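Asks: Sequence:
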Amino acid sequence: MSRRKRSLPAAAADLPALRARVGTLAENRPAVYRMIDAEGCIIYIGKAKRLRARLLAYFRAPFPEDKAARILHAARTIEWDYVPSEFAAHLGELRQIRRFRPRFNVQFNRDRRAVFVKISRGPAPRVYVGGLATREDARCYGPFTSAGRATEAVRTLNDLLGLRDCERHIPIRYAGQEDLFGDGRQALCMRQELGLCAGPCAALVTELDYRRRLETAAAFLEGRTIQPIDKVVHLMQAAAAAAEFEVAARWREKFEQLEWLLAAVSRARAAVGLLSFVYREPGAYGDDWFYLLRHGVVRAGLSAQATPLERAAFDAEVARAAAEPELAPGPLPLDRIDEILLMMSWFRKHPEALRRTMRYAEWAPAAADRSGVA
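In this note's numbering, each number is its position in the sequence shown, counted from 1, plus 1225.
Hints were generated in silico from the structure; no laboratory data involved.
Remember, it's a predicted structure, so these values are computed and weren't measured experimentally.
Among the hints, erroneous ones may be present.
As the list claims (entries may be wrong) - Listed next, with one range per pair, are the computed distances between beta-carbon atoms: (1) 1458 / 1538: 49 to 59 Å; (2) 1346 / 1548: 25 to 35 Å; (3) 1291 / 1589: 49 to 59 Å; (4) 1292 / 1488: 34 to 44 Å; (5) 1393 / 1295: 24 to 34 Å; (6) 1346 / 1533: 43 to 53 Å; (7) 1492 / 1548: 19 to 29 Å.
C-beta atoms are modelled at their ideal positions from N, C-alpha and C, and glycine is treated no differently.
Turn these sequences into a full structure, and let the hints guide you.
Replies: Laid out in structure tokens, this is it:
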């Protein structure tokens, strides 16, 4: 990508001078910009389709009510990199936020409607519904757009397998650990008394047994078992045979919840797998770029004005991606979830962009030459 950079070293208090420099030097081109404080720390990273207009808007924001004005008053320097297109600005902003973690950037989430089914870390991991992955999460599945349906289904899954859904700070006392924690047999919530939790807080289950239950949940989310659904079907049929039709109806609801979750995980996995192609993005000033996507992650980029050596390197990346197996059942890569969400959001909001994609097998010198690659 184009890496033309500008720096505006000026005290934050001298806003008129800073504004004049932005007005003079910044161009209305796509860019990723960084606000830097007096100590040289990056405090905010943003993107712009038209950089000059975006930066000048900061100076019109009321202080201290507006966040943009507060960022501007905390900054001493503004730097930016011009990029070929709005797509490149989105991608560059995301990757720089992930690298520098500026304090004024909120936790990055491109699609705030999206939620995930997550398995936490810790001595007794939980299965729960939440937003983007945190340090406490070991696995993530999704994304899903219906938080309510995902939450209901996960509650049913936890109840069937006896997994805890309490706060992560609750102390864990597995059976066989009485010498370490004492003989505490009183569960800390009603779920254990109702038969909905194995009781890892009260030494009522061994660690091995709890881990087996957790692995069943993971296998279900990855489509490797339907054991929880089988259990619900068995209980539903038993209730119906005993003429307990209200009970059978409740089990029917739980069956539908798990069936929805299994299908939703499969659809989400398929959607991520489909984001595997070469994408041509028209540049704002004729400097088109080609991007290699594999399972929703941008692996490489190639300028339409690339050198033969750069073209050969890109061709090799495409060949490697084509040789890789299809997306296997499993959790999403934790360090790439935000980029996968960005790619899903981009192609959903710009359906015409899909017409500029090509399969790996179509990426050949003749096809590339027809697209304008030197």
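Asks: Taking 49 to 59 Å as the hint, is the beta-carbon distance of residue 1291 and residue 1589 inside that range?
Replies: holds (51 Å)
Asks: Would you say the C-beta atoms of residue 1458 and residue 1538 sit inside 49 to 59 Å of each other?
Replies: About 53 Å separates the Cβ atoms of residue 1458 and residue 1538, which means 49 to 59 Å holds.
Asks: Regarding residue 1393 and residue 1295, is the given constraint of 24 to 34 Å on their beta-carbon distance met?
Replies: holds (33 Å)
Asks: Range first: 43 to 53 Å. Now tell me if the beta carbons of residue 1346 and residue 1533 are that far apart.
Replies: holds (47 Å)
Asks: Within 25 to 35 Å or not, the Cβ separation of residue 1346 and residue 1548?
Replies: Because 33 Å falls inside the window, the suggested range holds.
Asks: For the range 19 to 29 Å, tell me whether the beta carbons of residue 1492 and residue 1548 fit it or not.
Replies: holds (26 Å)
Asks: Okay, residue 1292 versus residue 1488 on CB: inside 34 to 44 Å?
Replies: Hint holds: Cβ distance 40 Å, inside 34 to 44 Å.
Hint check: no violations occur; every hint is consistent with the structure.
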